[in-house]
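Number of protein chains: 2
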Amino acid sequence: MSTRTVSDLGERALIDRIIARLATPSWVVVGPGDDAAVVAPKRGTLDVLTTDIQIESVHFDCRFTPPEAIGHRALAVNLSDLAAMGAEPRLALLSLALPDAMEVTTLDGVIDGLLALARAHRVALVGGNISRSPGPLTIDVTAGGTVHPRRVLTRAGARPGDEVYVTGTIGDAMAGLESLRAGAGCERCEQRYLRPEPRVRAGLLLGRNRAASACIDLSDGLADGVRRMAEASHVGVELDAAALPLAEDVRQWHEARGHDALDAAVRGGDDYELLFTVRPAHGGRLKAVRRQIGHLPISKVGIVTKDPGLSIRTPDGVRPLPEGFAHFR
Amino acid sequence: MSTRTVSDLGERALIDRIIARLATPSWVVVGPGDDAAVVAPKRGTLDVLTTDIQIESVHFDCRFTPPEAIGHRALAVNLSDLAAMGAEPRLALLSLALPDAMEVTTLDGVIDGLLALARAHRVALVGGNISRSPGPLTIDVTAGGTVHPRRVLTRAGARPGDEVYVTGTIGDAMAGLESLRAGAGCERCEQRYLRPEPRVRAGLLLGRNRAASACIDLSDGLADGVRRMAEASHVGVELDAAALPLAEDVRQWHEARGHDALDAAVRGGDDYELLFTVRPAHGGRLKAVRRQIGHLPISKVGIVTKDPGLSIRTPDGVRPLPEGFAHFR
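Chains as they are written, first to last, in the working numbering: chain A, 1 to 329; chain B, 1 to 329.
The hints are simulated quantities; they were obtained by calculation from the structure and are not laboratory data.
Backbone N, C-alpha and C fix where the C-beta goes; we use that ideal spot for every residue, glycine too.
One thing to keep in mind: the hints can contain errors.
To be verified - Ranges of calculated distance between the beta carbons of each label pair, as one might list FRET restraints: (1) PRO280/A <-> LEU22/B: 34 to 40 Å; (2) PRO66/A <-> GLU248/B: 54 to 60 Å; (3) ASP108/A <-> ARG208/B: 26 to 32 Å; (4) ASP8/A <-> ALA101/B: 30 to 36 Å; (5) GLY44/A <-> ALA101/B: 47 to 53 Å; (6) ASP61/B <-> ASP61/A: 25 to 31 Å; (7) ASP260/B <-> LEU22/A: 45 to 51 Å; (8) THR3/B <-> VAL58/A: 22 to 28 Å; (9) ARG291/A <-> VAL58/B: 49 to 55 Å; (10) ARG291/A <-> ARG43/B: 52 to 58 Å.
So here's chain A without its partners, still in its complex pose:
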């Protein structure tokens, strides 16, 4: 049986193949296939736009990342950015650069994964382009959403005294990536790495309840997210090591390998949880978010300080949170 490659099919046929699978909602005035997409704005909202690229061997490894996961992640990282702004996702555009020898079934898998996540979040794929890649498989997604003007979340609103929170658990994706590289270990962690769930509903609830003073998504780890938020807000942060939400299997994974689980969780990226701050007076608003959010845990992990330093309180005392957060035991 001969395997068809994307260059056998050609650009036009590949585009038609994707377009045939799309459902186009009524607010899309001109959908995929014309020079550009035309969409009706949503009344009373602002537009939110973000773009993030995924490149083979930089952002994912085809040896252990199934095509569906590649497509899922390419959209998920963008929806996570929208979530961090408190936005409701609405549409996506897809730029694909494909190696000539890539099999059509692999491309189908990438599209499957992307469209499954798009459907789950009612995101319409409204445009894009396909190109030959002389190098790695490259997937660049631009995502657009909407947000009510008074519900925008930014990184810049944290003030001294605000409490610092994080959704879900951290360090899972890093353990998952290690597990995938090792060939086995922590199945739950692997899924967290391969199919991160963008915290769209959490971001929406934080915005709707006006509960968060600042918000950012954790793409490059907790330490990185804390640093970026603190810089944007011109404040410092003191984390509490004992309060960090580490899953038991992640703790075991790292301890079995002689690693400091806490260090790994603080540095490890790809979790796509939300890090946010809440004014002390807005505890009631956060309570409302907790009621509405269902099973997703929200953990208080620290406090915003006036002093611009970044630190973490451990059983051995308060230590600085260094660039890259190499070691702190």
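Using the hints provided, position chain B relative to the given structure of chain A.
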């Protein structure tokens, strides 16, 4: 003197370097540097969105494409798509994948070229991302614009009897690319290849005057554009070879090399002119466009037919316009 590379500087410094150069208009509620950009929609308009990628060795050759031209073209191809929809460009997002060894001055040049064109069209760069590339320099731009609901131009509106027009001259960019590869020849053509001018004003005027029944931009040549428009509109087209707008230097360039100039002009891509159709009754509207457009020529090049075939009338008779339009003399 040591040359700094982009990996010497790192992602954060590179992003800060670009952001420092941007001016942000008042409708940008949250600009570059947060998780996503937030922009206020323009009252009474629809949003128009497009994305197009430029990859080294696929879309441009660094040996004869200066960095400024790479940046210019990356934005120009997207503005051309907006122009073809009758849209007014407004914003752009930029995804960059940079080889480690790329010099910072080269990146500066790419950004110079992109921002110069952005300024000329009052386009705000509102977001983006920078990533390492294990392969070629890759620039993916998403552009957004606005259009009044009744002024949208699509590919699908051509009807039998409509007249077919093209802006500017065609085949210039192909001759320019050949000239660049040869090391010299047609300086004007080279500039047309390196710094295509998206026909934004022409697209706007066609929409405002409601002059065009269909419109598409010529990225892959006249034959390709005619085919795509005809397919979308379920019609045929008969071109008139004698009416095609060939510049004298382009004609000479091809004839000096023993090529059929007409064939080259019909097949040659990268001109980014607009191809559009006009109802016979709307000659007055087109006249208004001509009055307002200034020096840009508009040439009638053919007629829309009910018969779905694509053909070209030459001194030797009517010939089919084949896929790729190999030869017709």
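Hint-by-hint comparison with the structure:
1. PRO280/A <-> LEU22/B: 34 to 40 Å: holds (36 Å)
2. PRO66/A <-> GLU248/B: 54 to 60 Å: holds (57 Å)
3. ASP108/A <-> ARG208/B: 26 to 32 Å: This hint is violated: roughly 43 Å between Cβ atoms.
4. ASP8/A <-> ALA101/B: 30 to 36 Å: holds (34 Å)
5. GLY44/A <-> ALA101/B: 47 to 53 Å: holds (49 Å)
6. ASP61/B <-> ASP61/A: 25 to 31 Å: Taking Cβ atoms as reference, ASP61/B and ASP61/A lie about 30 Å apart, which means the hint holds.
7. ASP260/B <-> LEU22/A: 45 to 51 Å: violated (40 Å)
8. THR3/B <-> VAL58/A: 22 to 28 Å: holds (23 Å)
9. ARG291/A <-> VAL58/B: 49 to 55 Å: Because 52 Å falls inside the window, the suggested range holds.
10. ARG291/A <-> ARG43/B: 52 to 58 Å: violated (37 Å)
The earlier numbered hints that this structure contradicts are 3, 7, 10.
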